[in-house]
Structure formats: C-alpha cells, structure tokens
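Taken in order, these protein sequences are the chains called E and W. Take 26 as the starting number for the first sequence in the numbering used here and just add one per residue. Take 4 as the starting number for the second sequence in the numbering used here and just add one per residue.
Hint data in this document are derived by calculation from the structure and do not stem from the laboratory. Predicted model only: the values in this text are computed from it and were never measured. Please note that the accuracy of each hint is not assured.
Said to hold, decoys possible - Derived coverage of chain W by chain E (criterion: at least 3 residues anywhere in the stretch with Cβ under 8 Å from a Cβ of chain E; other residues may be distant):
no.	region
1	33 to 46
2	101 to 110
To be verified - Pair by pair, the computed Cβ-Cβ distance ranges are:
no.	chain 1	residue 1	chain 2	residue 2	range
3	E	L158	W	I35	35 to 43 Å
4	W	K86	E	K171	34 to 42 Å
5	E	F62	W	M102	34 to 42 Å
6	E	G235	W	K86	25 to 33 Å
7	E	A194	W	D106	43 to 51 Å
8	W	V98	E	P206	33 to 41 Å
9	E	Q245	W	L99	38 to 46 Å
10	E	V188	W	Y80	31 to 39 Å
11	E	G89	W	M87	17 to 25 Å
12	E	R243	W	V98	37 to 45 Å
13	W	V98	E	A71	23 to 31 Å
14	E	M225	W	L97	15 to 23 Å
15	E	S165	W	I43	50 to 58 Å
16	E	D207	W	Y80	22 to 30 Å
Just so you know, even glycine gets a beta-carbon here, dropped at the ideal spot from N, CA and C.
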Amino acid sequence: MDNTIVSTIQSEPLMPHETSEYEPYEHVYVPQHRHHFETEDQQREAGSFGMWLFLLTEIMFFGGMFFAYLLFRNWYYDAFVTASNQLSVPLGATNTAILISSGFFMALGVWAAEVRKRGLLVLFLILTTLFGLAFLGIKSVEYKEKWDKHHIPGASFDVSEFVNPAIDAKTGKPTQKPLAPDAAQKTQLFFFLYFAMTGMHALHMIIGIGVLFWLLWRAQRGEFSAGYVAPIENFGLYWHFVDIVWLYLFPLLYLINRHPLK
Amino acid sequence: MSEHIYDAANITNPEHGEHHIVSPAQYSFVFITLLIGTAITVLAANFDMGVFNPIIALAIASTKAVIVILFFMHVKYQSNLIKMTVGAGFFSFLVLITMTLSDYISRAWGLW
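Input sequences plus hints: build the corresponding full structure.
Here is the structure:
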C-alpha cells in the first residue's frame with residue numbers, strides 16, 4: 026500500500042494564513058492506519074469525534090425519558106414520592122458503587138492497551154464484564170420484587186399498599202401518607218418510567234457486555250496491545266456514558282423523594 | 004516549480020490532540036472521588052431539605068458526571084473540536100429541556 030503524502034504544489038501566492046515553512050512530514054506505516062487519513066492522530070481523532078456524535082444522540086434518547094420524569098413528578102408529586110419509597114436505597118447505592126468500579130476497570134483497560142500490556146488488558150476487561158454482570162444481577166433482584174408485589178404497571182397493578190399503607194406497630198400510625206384511590210393509580214406512571222429508564226439502561230449494559238466479550242476475544246489475540254487502541258478507547262466512551270446515565274437515575278429515582286422516617 | 008507547499012490537509016501543523024495517556028494513579032484518584040460522591044449523595048437524601056433535596060442530588064450527580072467525562076472519557080486531554088462537540092451536545096439538551104418545560108408551564112399557568 027502506498028501511503029506517502031503527495032504534496033499539492035500550487036503556483037498561486039500564499040494566503041496570509043498559509044505558511045511558507047515546510048517541515049517534511051515523516052510518515053511511518055502502521056497496519057491499523059487507514060490510507061484515507063493523513064496521520065494516525067487524525068484517524069484517532071476522527072474516531073473519537075464519531076463516537077461522541079453517537080453519544081450525543083444517546084443523550085437526546087435518554088433525555089426524553091428524563092424530561093417525562095421531570096414533568097410527571099411535578100404533576101403527580103405525592104404519587105411519585107410514595108412509589109419512589111418502594112425502591113431500596115441500599116441496593117441502589119450498592120449498584121452505583123458496582124457500576125463505578127466497572128467503569129474504573131474499563132478506564133484501566135484503556136491504559137493497559139495504551140502501554141501495550143496484553144495480560145493486564147484482558148484482566149481489566151474481564152473485571153469490567155464481571156462488575157457489569159453483578160449490576161444486572163442486583164437489578165434483576167429488584168425487578169423480581171416489583172413483580173411479586175404487583176408493582177408492574179398494567180392490568181394486574183396493585184394499589185392497595187399505597188391506599189392502605191402498612192401500620193407501624195410501635196406508633197400505631199401508617200408508615201407513609203395514604204393516597205386517594207385516583208392518586209394511587211398515578212403510581213403506575215412512576216413505575217412505568219422506572220422500568221422504561223432502568224430497562225433502557227440495562228439494555229445498554231447487556232449490549233455493552235456483548236461487545237465486551239467480542240473485545241476480550243480480540244484482546245487476548247493481542248490485537249490491541251501493539252499500538253492500536255481505538256476500539257478499546259471508543260468502547261470505553263460508551264461504557265462510561267452508560268455509567269453517567271445511572272449516576273443521574275440513582276438520585277432521581279431512589280433518593281430525592283426520600284423523607285426521613287420518623 | 005514553486006517553493007511554497009500548500010498544506011491543505013493540515014499535516015505540517017496538525018491541530019489534532021496528542022495521544023495523552025492517563026495514569027492508573029490518576030484513575031484511582033477519580034474512582035475514590037466518585038465513591039465519596041456516591042456516599043455524600045446517599046447521606047444527603049436522609050435530611051429533609053424541601054426543594055433543595057433534588058437540587059443537591061442533581062448538583063452532586065452533575066459533578067460526578069463532569070469528573071467522568073473529563074478523566075475517564077479523556078475529554079480534558081482532547082482537542083478543542085472534541086471539547087466543543089461534547090459541550091454543544093449537553094448545551095443543546097438543556098435548550099430542549101428549557102423550551103419544552105416553558106411550554107408546559109405556560110399552558111397550565113398558575114396551576115404549578
């Protein structure tokens with residue numbers, strides 16, 4: 026493959042922004058360098074730029090759901106507070122820590138690829154995958170509980186817990202404010218958004234774990250430990266983006282409606 | 004033949020960011036910061052601060068998100084093009100939120 030740069034000689038006078046100094050550019054051929062890019066840096070930047078454009082469309086995609094949550098929370102505030110208290114903060118916080126750890130190992134994986142350590146890269150990718158799977162495991166425990174309590178929106182949704190909250194044995198008072206039957210129906214909206222947002226997030230993670238297996242297979246063949254790190258880097262961007270979505274989901278769904286239990 | 008060489012492809016003075024490698028120590032520091040942020044946001048939820056609960060929660064979440072974007076996603080070490088792209092994306096998102104929200108608020112005027 027002929028990768029030499031053909032300089033464009035022109036006879037017109039120089040424009041003010043053009044330089045008359047010419048430093049010969051040394052072109053080093055590397056196998057991953059596509060011939061339509063002038064330099065490796067240019068190729069790398071074009072890749073990151075494209076990945077970021079994709080992530081911007083993802084911001085808009087999740088943004089619609091975040092907006093729906095913002096609006097309906099304002100409209101049906103009491104129902105959202107009551108329904109939100111059904112979620113387990115310890116499980117949510119654990120999952121946040123697990124996801125941050127997964128992102129940390131992904132970041133270390135990018136470093137391992139950059140310094141060309143194949144063994145470490147494979148190890149970090151495995152850890153990223155394991156923490157991702159742990160997150161999905163805890164998420165499925167949470168979903169199972171909603172299923173058992175009939176808190177999945179639809180025909181068999183059960184509002185009884187919101188209309189007649191459990192009575193605290195010590196004080197003899199309800200553990201939370203009872204909702205009127207019509208207001209209690211609005212808790213379905215909270216659970217609908219909960220499943221839509223966390224479900225879409227989980228789907229992104231499942232796709233990500235699929236890609237991780239593929240990257241692992243290529244990494245252990247040494248494809249990313251000889252100077253070519255773009256797939257690892259760009260997948261890292263995707264994985265961190267999924268982290269960021271959760272960093273917002275956790276406080277919005279689990280935390281902000283919480284009131285100190287007296 | 005002219006001596007001048009027209010650098011149309013932007014080769015001799017490339018503006019592309021150098022490939023900067025973030026060290027594991029720096030990643031560890033970011034990791035611990037994010038865990039501390041998570042602990043703070045859980046603690047803050049236990050205090051009833053009225054309207055400030057969501058504001059504080061979102062402020063902490065945004066701080067964590069910016070840290071992830073700058074260091075885990077390497078935006079701090081990227082070229083201006085990438086920085087502008089990321090900034091423009093989040094800015095457009097805020098514009099869309101603001102415009103949609105102002106529409107909803109002004110339709111049910113006084114009922115919010």
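Right, here's what the structure says about each hint:
no. : hint                           : verdict
1   : 33 to 46                       : holds (count 7)
2   : 101 to 110                     : holds (count 3)
3   : L158/E with I35/W: 35 to 43 Å  : 23 Å, violated
4   : K86/W with K171/E: 34 to 42 Å  : 41 Å, holds
5   : F62/E with M102/W: 34 to 42 Å  : 39 Å, holds
6   : G235/E with K86/W: 25 to 33 Å  : 31 Å, holds
7   : A194/E with D106/W: 43 to 51 Å : 48 Å, holds
8   : V98/W with P206/E: 33 to 41 Å  : 40 Å, holds
9   : Q245/E with L99/W: 38 to 46 Å  : 43 Å, holds
10  : V188/E with Y80/W: 31 to 39 Å  : 55 Å, violated
11  : G89/E with M87/W: 17 to 25 Å   : 24 Å, holds
12  : R243/E with V98/W: 37 to 45 Å  : 40 Å, holds
13  : V98/W with A71/E: 23 to 31 Å   : 27 Å, holds
14  : M225/E with L97/W: 15 to 23 Å  : 21 Å, holds
15  : S165/E with I43/W: 50 to 58 Å  : 28 Å, violated
16  : D207/E with Y80/W: 22 to 30 Å  : 54 Å, violated
When the structure is compared with the earlier hints, violations turn up for hints 3, 10, 15 and 16 and for no others.
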